[in-house]
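Chemist: Here's the letter readout for the chains.
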Amino acid sequence: MISIYDATRLAQTKLQIKKGSLFISILIPSVLFSIVLALIMVGTGLSEAATSFTSYVYRQGYPLKISPVISDENLLTYKKISLTTADVQKIKQFEISYNNEQKKLYDKAGVQYAAPLPENGLLLPDITAPDTVPANERYFLNINSPIYGKFEQSELSNYLRSAPNKLSSLKSLAGRYNGSGFYKSYPIKIGQIPDQRLILDDKEDLRDPHASPAQDNTMYGLFTRAVRNSSYQVQNDPSFTKYITYTDPPSELQGIPVIISAQEAAILFGQKYSISSTPPADAAAKKQWLQSAQKALTGRTYQACYRNTAERSLVSKIQQDTLNNHLHDNDELYQAPTLQYQLPSSPCGDITIKSDNRPTAEKQRELIEIANAKKLGVYTAPYHAKVTYQIVGLIDAEASRTNNFIDLAKGLLTDTVPISSAVIPEHLFSKIPETLKSAINTTGEVSDTNNALADENISDTTIFFHSIQDARAFLKNEACEMWVSPCSRLYKAAPVGSNYLIIEDVIRMFNTFIIWAPIVAMLLAAAVLAITITRVIIDSRRETAIYRSMGARKHDIVLIYSIYAILISLRVIVVSLAISLIMAITVQISYGQYLQDILNFYANPQAGAGLRVNLIALSSPNLLYVILIIILSCISAAIIPIFRNVMRSPIEDMRSE
Amino acid sequence: MDAGPRSPIILLNSVCRYYKVGDITITALHDVSLSIHSGEFISICGPSGGGKSTLLQILGGVDRPDKGDLIINNVSLNKLNDAELSRLRNREIGFIFQSFYLQPFLTVRENVLVPAMFAGEDKKKRQTYADELLEYMGLSERAAHLPSALSGGQIQRTAIARALINKPNIILADEPTGNLDSRNGKNVIDLLKAIRQKYGTTIVIVTHDQLIARQADRSYTLIDGRLI
Chain A
1 MISIYDATRL AQTKLQIKKG SLFISILIPS VLFSIVLALI MVGTGLSEAA
51 TSFTSYVYRQ GYPLKISPVI SDENLLTYKK ISLTTADVQK IKQFEISYNN
101 EQKKLYDKAG VQYAAPLPEN GLLLPDITAP DTVPANERYF LNINSPIYGK
151 FEQSELSNYL RSAPNKLSSL KSLAGRYNGS GFYKSYPIKI GQIPDQRLIL
201 DDKEDLRDPH ASPAQDNTMY GLFTRAVRNS SYQVQNDPSF TKYITYTDPP
251 SELQGIPVII SAQEAAILFG QKYSISSTPP ADAAAKKQWL QSAQKALTGR
301 TYQACYRNTA ERSLVSKIQQ DTLNNHLHDN DELYQAPTLQ YQLPSSPCGD
351 ITIKSDNRPT AEKQRELIEI ANAKKLGVYT APYHAKVTYQ IVGLIDAEAS
401 RTNNFIDLAK GLLTDTVPIS SAVIPEHLFS KIPETLKSAI NTTGEVSDTN
451 NALADENISD TTIFFHSIQD ARAFLKNEAC EMWVSPCSRL YKAAPVGSNY
501 LIIEDVIRMF NTFIIWAPIV AMLLAAAVLA ITITRVIIDS RRETAIYRSM
551 GARKHDIVLI YSIYAILISL RVIVVSLAIS LIMAITVQIS YGQYLQDILN
601 FYANPQAGAG LRVNLIALSS PNLLYVILII ILSCISAAII PIFRNVMRSP
651 IEDMRSE
Chain B
1001 MDAGPRSPII LLNSVCRYYK VGDITITALH DVSLSIHSGE FISICGPSGG
1051 GKSTLLQILG GVDRPDKGDL IINNVSLNKL NDAELSRLRN REIGFIFQSF
1101 YLQPFLTVRE NVLVPAMFAG EDKKKRQTYA DELLEYMGLS ERAAHLPSAL
1151 SGGQIQRTAI ARALINKPNI ILADEPTGNL DSRNGKNVID LLKAIRQKYG
1201 TTIVIVTHDQ LIARQADRSY TLIDGRLI
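If you're matching them up, the sequences are chains A and B in order.
Counting from 1, position 536 in the first sequence corresponds to residue 536 in this note's numbering; the numbering is continuous, with no gaps.
Counting from 1, position 122 in the second sequence corresponds to residue 1122 in this note's numbering; the numbering is continuous, with no gaps.
To be clear, the hints were calculated from the coordinates, so they are not data collected in a lab.
These numbers come from a predicted model, not from an experiment.
Backbone N, C-alpha and C define an ideal beta-carbon position, used for all residues, glycine too.
Take the hints with a grain of salt, since some may be wrong.
Said to hold, decoys possible - Here are the simulated EDC-like cross-link-like pairs (lysine to aspartate or glutamate), alpha carbons at most 20 Å apart as the crow flies:
hint: 1; chain 1: A; residue 1: Lys-554; chain 2: B; residue 2: Glu-1084
hint: 2; chain 1: A; residue 1: Lys-554; chain 2: B; residue 2: Glu-1121
hint: 3; chain 1: A; residue 1: Lys-554; chain 2: B; residue 2: Asp-1082
What the hints assert, rightly or not - Under 10 Å between C-beta atoms, here's a sample of chain B residues computed to sit facing chain A:
hint: 4; residue: Glu-1110
hint: 5; residue: Met-1117
hint: 6; residue: Asn-1166
Generate the whole structure from the sequences, applying the supplied hints.
Modeler: This is the structure:
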């Protein structure tokens, strides 16, 4: 039998025939395969970059933000129509108990108690109810009742007491999925700190921040106006820790620690330090800008004036009265309010009475109301105080902005936690001197709902899972996506920061895509190869006959032409790889550095993360898969013509020649 | 193995060969019987279409007769399978074609070695013998050249060397001088005679040239498939 060396030598002679058309026949499929190979190389490089990004960013675990679901079905207040007999009785009983308690309170305080009017009751007759509804169910819940809020709160508290999704239950459940590090976020009893007015250049901005025209209500817009809108939130989510550049001990803080957007910091305070109010578009330049802002503004303090609800009401009244007075300036019939206040003359100063033309009886009535409220313990005096904040970190708000597809793609990678408020890190806040905290008297500022949720330890919680698979399993088995409504499960959940689940899905989809999608290109390429090889082998009938006449056996012929097919495939492989490497190198030169800068910026805005992006990735097994396809295409193209050649009697080919 | 003194190396017994062309059956060979002894120089001539090439192809085991038998060295080719037939062609028979059929992209030496490749011979041994043959043919200096660099006579001598590489007992030449001028043609015949003399090879040559045919030990004529 012929040796492989000799068979290869004879096969090589076939490559010398019709070199021009053979070159074209190799080039066309090579180009098609090279596109597939380049796609694999670049795609693998991108996948590896994304994986290293998520591994770096989530080296401490993969966080899910988990929100307990409070189902509407458990709360009577959501069933405003179609009350059952039991519902009606329950509401009536609540109203009677509440009124009795109020009477006792008033009696104890020595204040005359006035029974609520029937039209202010919790239940009102539903005169539109059809006749089929029993008489004792023809009521609807009066949401305008003064005690509706109390009833709503009572319902919630009753439900929460035995809610199945408290923090302790969540810990146990998440533990089964290797979840740990439970960090509560909103609501914490401190809650939000509303409607403070920024004091800038020794002036208190008393304008209604929500009345500003054309406010951008996207996350980006809200976050970059958080200080001016007095939008603060205490957070103990560790995701924010990496933004803190303040390094002195918390005991040396001179204000409430706050992390704000770099953009707002630059607008409010940057001019003095020659920091541009608009960050540059280029990633490297932006990093520089952010670092400059952090260096200049970390540790800087600013003040806001905190006014409680009572004072804010006075400010609103002043603004309304001023507006009305202005509108009715020439209106002789207009009657100005008898009691008017004036805005403070100094930042965070007292609100004083401008004019009081009320009748004596009215003044006395007010005094009595205040005295009664004090006796009942529900009086809150107007209060204001300067609150000092100290910037401990900056966040680039741009990362959460999505104007187009590129931003969406960047958004997948960004590690920025989506937020619309300035963040007060709870671990620093808890350590600041009491004198700094006490300026904020949030009694009555935190909603009863928040208090109830906090009391029962039902809160949004950030949990870190050991692996993406654990996080995914929890999400799949135990929670709904945040946007699902209604949710029949106990929790809603979503990844925190960059959506590593989507990144993993994209990587998986890409790997599937790269196996199946190029099949069309490969089929086309294989067809071209098949035509070429088939043609050559058919044209080799005479040669086959000559070899047979010299004593070549059938398997000698099979070996020679099989090697020929393999030699063709090797040429295709070499040319394909060469073209694909050129393509991948071009992409690497054009985009590699840019992508690397972006990833490092988003992974660690301060110092970068040392991540490297290589779009000429040769590690994917899919490359071998394509090479195997090339070889199999050539061999399978050769099988039938070789078989036909050897099965033919050599004399037929000699005669045909 | 010889059956007796001067037993024929080639024995054709009443061989018939038919071809179908559409519905018509053509008789290429009709009841041909032939006996050739070892070392003989036999010529077969006749007009075109007479069945000469068919007879040569049957003698070489490339074609099988529809009737009758071919025995080479006491082995009936009818009883051999394809692999055995291939082995017999490789070891016992050397073919020389009218159109030479050299591989254009193999050197002279490599072309000579092709039958030895199929024999699975030891590489060194066959190289050595190939060089000997080339020297005998006067082609040593052309050993590394491609056929495109050779003259007609040199090409045919290369083909003859190729036919001899496996030391066959039989050489079958189909119009070996057909594409050569008279001088080269004479040289080829003289060479074949010399080979017969040196190696004792049996030579069967098919030709339409009567002058060449007369140089053989015995000459047959094949007309319309019948051997005369």
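Chemist: Now tell me if each hint is right for this structure.
Modeler: Comparing the hints with the structure gives:
1. A:Lys-554 to B:Glu-1084: Holds: Lys-554 of chain A and Glu-1084 of chain B sit about 11 Å apart, inside 20 Å.
2. A:Lys-554 to B:Glu-1121: Holds, at roughly 18 Å.
3. A:Lys-554 to B:Asp-1082: Roughly 8 Å separates the two Cα atoms, so the pair holds.
4. Glu-1110: Holds: closest Cβ of chain A sits about 7 Å from Glu-1110 of chain B, inside 10 Å.
5. Met-1117: holds (4 Å)
6. Asn-1166: It holds, given that the least Cβ distance between Asn-1166 of chain B and chain A is near 7 Å, below 10 Å.
In this structure, none of the earlier numbered hints is contradicted; all agree with it.
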